[in-house]
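Peer 1: Below, each chain spelled out in residue letters.
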Amino acid sequence: MKRFLKIFKVAFISIYKNRTRSLLTMLGIIIGVGAVIMTISAGEGATLEVENQISGLGTNLLMIQTKSEHKAGINVRMGRPINEKDFDILKKNSVWMPQLSPLVAIGAQAIGPSGYKSTMVYGVSYDYFYITSRALQTGSFFTEDDVRTAKKYCVIGQTIREELFPGEDPIGHQIRIDKVPFTVLGLLTEEGSGGMQDMDDIILAPYTTIQNRLYGHQNGYTMIMASALSEDHIADAEMEASELLRESHKIMDGDEDDFEIMTQIELQEITGNVTGILTILLGAVASISLIVGGIGIMNIMLVSVTERTREIGTRLAIGARESDILTQFLIEAIVLSLVGGILGIVFGILGNQIIYKVTGFFIPTVGYSILIGFGFSALVGVAFGYFPARKAAKLNPIDALRYE
Amino acid sequence: MPAKKVIETKKLNRIFKNGEIEVHALTDIDMIIEEGEFVAIMGASGSGKSTLLHIIGCLDRATSGEYDLDGVQVNKLGKNQLADVRNQKIGFIFQSYNLLARTTALENVELPLIYDRTGQFPNSKELAQKALEQVGLADRIYHKTNELSGGQQQRVAIARALVNNPALILADEPTGNLDSKASIDIADLFVQLNNEGKTIVMITHEPEIAQFAKRMIYLRDGQIISDKMIEKRSTKAFALKELEKPVETP
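Those sequence lines, one after another, are chains B and P.
Per UniProt numbering: the first sequence ends with 404, consecutive numbering throughout.
Per UniProt numbering: the second sequence ends with 250, consecutive numbering throughout.
Be a bit skeptical, because a hint or two may be false.
[What the hints assert, rightly or not] As a list, the in silico DSS-like pairs of lysine-lysine whose alpha-carbon atoms are at most 25 Å apart:
| hint | chain 1 | residue 1 | chain 2 | residue 2 |
| --- | --- | --- | --- | --- |
| 1 | P | Lys245 | B | Lys9 |
| 2 | B | Lys6 | P | Lys125 |
| 3 | B | Lys17 | P | Lys79 |
| 4 | B | Lys17 | P | Lys144 |
| 5 | P | Lys125 | B | Lys9 |
| 6 | P | Lys79 | B | Lys391 |
| 7 | P | Lys232 | B | Lys9 |
| 8 | P | Lys245 | P | Lys232 |
[Said to hold, decoys possible] What the simulated footprint calls covered on chain B by chain P, stretch by stretch (three residues with Cβ under 8 Å from a Cβ of chain P suffice, anywhere in the stretch; the number is not a length):
| hint | segment |
| --- | --- |
| 9 | 6-15 |
| 10 | 250-264 |
| 11 | 307-315 |
| 12 | 387-399 |
I should point out that these hints are in silico values taken from the structure, not numbers from a laboratory.
Just so you know, even glycine gets a beta-carbon here, dropped at the ideal spot from N, CA and C.
Build the full structure now, drawing on both the sequences and the hints.
Peer 2: Below, the structure is given as structure tokens:
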């Protein structure tokens, strides 16, 4: 034990005496660990972000819309538009879809007392709020009656409030949407701005009003949104909607649907694919940074042991045993890998924080990225500190002394 | 009472095998060196003098033959025991000093004591300091290796060889990297240490340095071709005066 302490001291002195070399070795480990933590965390962050956006759309959601095909960069509608008739049939006969809302979407210019903004205006029914589980910060939703009588009421998102009513309470005030005046009834709670779409850059109004004043009736609805009774009945709801609409559209058996039903599950599958690709990509980046970091560590360790072969020879000549040399180099490698690894973890976490501060993109530092980064770098550091030293310690002392 | 034998070799052979080729580096070396001797081993390069020194120093093993070092049958020892013998019985001095870089003289001298397994040197710092005083570097103990001249570095190396109070001091071309004056100083230091009772074996190819020793062994092609006492030993004063003489140019 006393011997071990002695050798331990020798190792520490050696690290300290060769500060530059020690720092360079640690730098390789720091960068390796930090890069792995940051890339893996970024991948996790992106996945989390996409998942949040999906679940932010609502629960047990179904979206029914006219079949469209993507041609030459634009969506071309293939069937006849989903319209009031479809909606009434679903509303009247559906068992599995207690909430249904038409959705008429237009891009429009909204002008408020203190600003204006181009935004998306969604004409919806009262059920929309249930379906998408949006809540109000202040004010109230428009009612079923307001929808039936096509009142010029609206509910706005936080982004709209900021642009149109900076620092003011919007409730009860009028805004103009493409020159049509609407009264603001409510303000939605903040949903969080995602990378793809700002869920707060939104104006909701009765679909009847939007159709009457802005959209017209000939194109039907953009889509029908519905929520299934529960998560277990999403498939039932989908089948039911499909049967009802096929009947309504008089589609023969064996012919294709002229509409599309997208459910939350399918959405999640699609985004699952996207995030899967993202994860693979980031995994590849992380692997490359691991390899680069590993090669860096390996190089400096190999170079330093080569440089130190004469030192090993000297130590052997004055009576060090092979095991003394090995213990010393192993301790050095472990200490450098540990300290470098810990600094690398700090560096990675700080890096994630800085990215969050600068871009607002939240990167959770995931535990396994720390494990992978630290584990791999420590392994490379120790292995390439130990094995060349073992080779040198096994050398005949004369050869080690002569080593150039 | 006969003097104690520090080194005794019987029919020592060393053969290097390089594929098909066998090189007889040493052939049937019989040699006895007693306590208190100062031996210079000379010979041209390739004569086997370094190989002999390595075997004497337990850095290398003879292919055949017997070797007793201070009463220990070295040719029967394993790797770790050889390391311990080097640690306890031998002090090494190299041509290129082989000190640890960026390390103080004191720490360098302490080094052999770190690897000591007998526990007989609890006061390693004191011993190191004393060894440095012995080689005349009392005022340089906290200087780092790179802050010392070549001669001073070799003195640190000598102090390192002395610190564990070895039975034998081995020097491999100790003046090979030094200028003439520093070489004479080092040779003189060996004489002083020998006068204090140290047994010294030194390889050199400089005759004027070898002349400081008591006995000279001459090797050629792996065999001892002459082994005699030096009748007229050189001294520091004489060697320095020789240096002053103008070089005769033909």
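Peer 1: Output the numbers, in ascending order, of every earlier hint that fails for this structure.
Peer 2: 1, 3, 7 and 10
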